[in-house]
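Peer 1: Sequence:
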Amino acid sequence: MFLVAVTFSMGLLWLMGLRYEFIIYIEIIFGFSFLAAFVWDYTRKKKYYCGFMALFDGLDDKTLLAELVEKPGFLDGKLLYQILRLSNKYMNDKLAEAGATNQEYREYIEMWVHEIKTPITSAHLIIENDKNISTIRIDDELNKIDHFVEQALFYARSTTLEKDFKIEKTTLKTLVQEALKSYSKQIIEAHGRPVFVNLDIPVFADRKWCVFIIGQIIANSVKYAKENLILTFEGSSFDNGCSLSISDNGIGITEADIPRIFDKGFTGENGRKFGKSTGIGLYLCRKLCSKMNMEISVTSGFENGTTVKITFPKENLYLT
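Using this note's numbering, read the sequence shown as starting at 1 and increasing by one per residue.
Be aware that one or more of the hints could be misleading.
[Claimed, not checked] Quick list of in silico lysine-lysine cross-link-like pairs, PhoX-like style, CA-CA up to 20 Å:
no., residue 1, residue 2
1, 46, 78
2, 291, 264
3, 144, 131
4, 226, 166
5, 117, 208
6, 314, 166
7, 144, 47
8, 208, 287
9, 173, 144
10, 144, 117
11, 226, 208
12, 166, 291
13, 45, 89
14, 45, 117
15, 131, 89
16, 185, 117
17, 173, 46
18, 314, 208
19, 71, 173
20, 71, 94
21, 45, 71
22, 166, 78
23, 226, 169
24, 169, 144
[Claimed, not checked] Pair ranges (Cβ atoms, derived):
no., residue 1, residue 2, range
25, 118, 79, 31 to 39 Å
26, 301, 118, 41 to 49 Å
27, 103, 278, 44 to 52 Å
28, 198, 158, 27 to 35 Å
Just so you know, these hints were derived from the structure itself, not from any lab. Cβ atoms here follow ideal geometry from the backbone N, Cα and C, with glycine treated the same way.
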């Protein structure tokens, strides 16, 4: 295009009768002007796009790019900017739509859980007034249903934990005792007994969520217990917080399964062998611990029991 313009302008000046030397001089000035304009345009575009990419790479939340990037002063940059803004608006609309759908579904699950608890409670009362071998077995199955329903409720609420999060000062002993209440019958049936070691340690935590987490661990210990279950709850205090270790003398976990036990839906060898695992309990425990700035870890040996360690920070005052 540049060569065409130069050729055309030279021909026009020649037809106007200008001297050849003068035509060359004008074309040199024209060429340098074009080159300067090209270099200036290239420099500003390169500066803008380099800044654009640097901003993009530095953002943890890439969706904020459209809000933070400056509007350029050149045409193709303006087109890119406009497309980016429109795309971002479309994405935000879709996210809002998906969020509203998830919120509606979560509210339905919570409503369903509360509604289903009423007939479960009624069934427990009926069984209480007519105890026999058959109704006692039915009561055991109802307890399992009740725990699964509770798990569903906590799972539904786990995505919006910050709306239902209340930090308070309590002790490890209080958390453990409240969790044991819900599983006392199962522990008795497993011929088990709890052992408490150094639990009078104060801790800042959300009592309801922590009791649920401890309850899930107790449920697993009961589920995979051998004869004469022993559940040991031991507290430890250190400079940056404290920890609660829950140990059992059950069948344990194979070494190959340990790295994946917190994965959603993972049942492992024990789950396949006994057909009792959903792969949700420990996944939910880790998810909730992460949101509450707590840590959870597992050590185990096959046929040598399992120890789950929950670590509480010194002052758990915020969510991640």
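Peer 1: A separate judgement is required for each hint: does it hold in the structure or not?
Peer 2: Structure-based check of each hint:
no., hint, in the structure
1, 46 / 78, "14 Å, holds"
2, 291 / 264, "16 Å, holds"
3, 144 / 131, "18 Å, holds"
4, 226 / 166, "37 Å, violated"
5, 117 / 208, "18 Å, holds"
6, 314 / 166, "16 Å, holds"
7, 144 / 47, "64 Å, violated"
8, 208 / 287, "15 Å, holds"
9, 173 / 144, "25 Å, violated"
10, 144 / 117, "12 Å, holds"
11, 226 / 208, "29 Å, violated"
12, 166 / 291, "13 Å, holds"
13, 45 / 89, "25 Å, violated"
14, 45 / 117, "64 Å, violated"
15, 131 / 89, "62 Å, violated"
16, 185 / 117, "19 Å, holds"
17, 173 / 46, "63 Å, violated"
18, 314 / 208, "19 Å, holds"
19, 71 / 173, "59 Å, violated"
20, 71 / 94, "24 Å, violated"
21, 45 / 71, "12 Å, holds"
22, 166 / 78, "48 Å, violated"
23, 226 / 169, "35 Å, violated"
24, 169 / 144, "31 Å, violated"
25, 118 / 79: 31 to 39 Å, "60 Å, violated"
26, 301 / 118: 41 to 49 Å, "44 Å, holds"
27, 103 / 278: 44 to 52 Å, "25 Å, violated"
28, 198 / 158: 27 to 35 Å, "30 Å, holds"
Violated hints, in rising order: 4, 7, 9, 11, 13, 14, 15, 17, 19, 20, 22, 23, 24, 25 and 27; the structure is consistent with all others.
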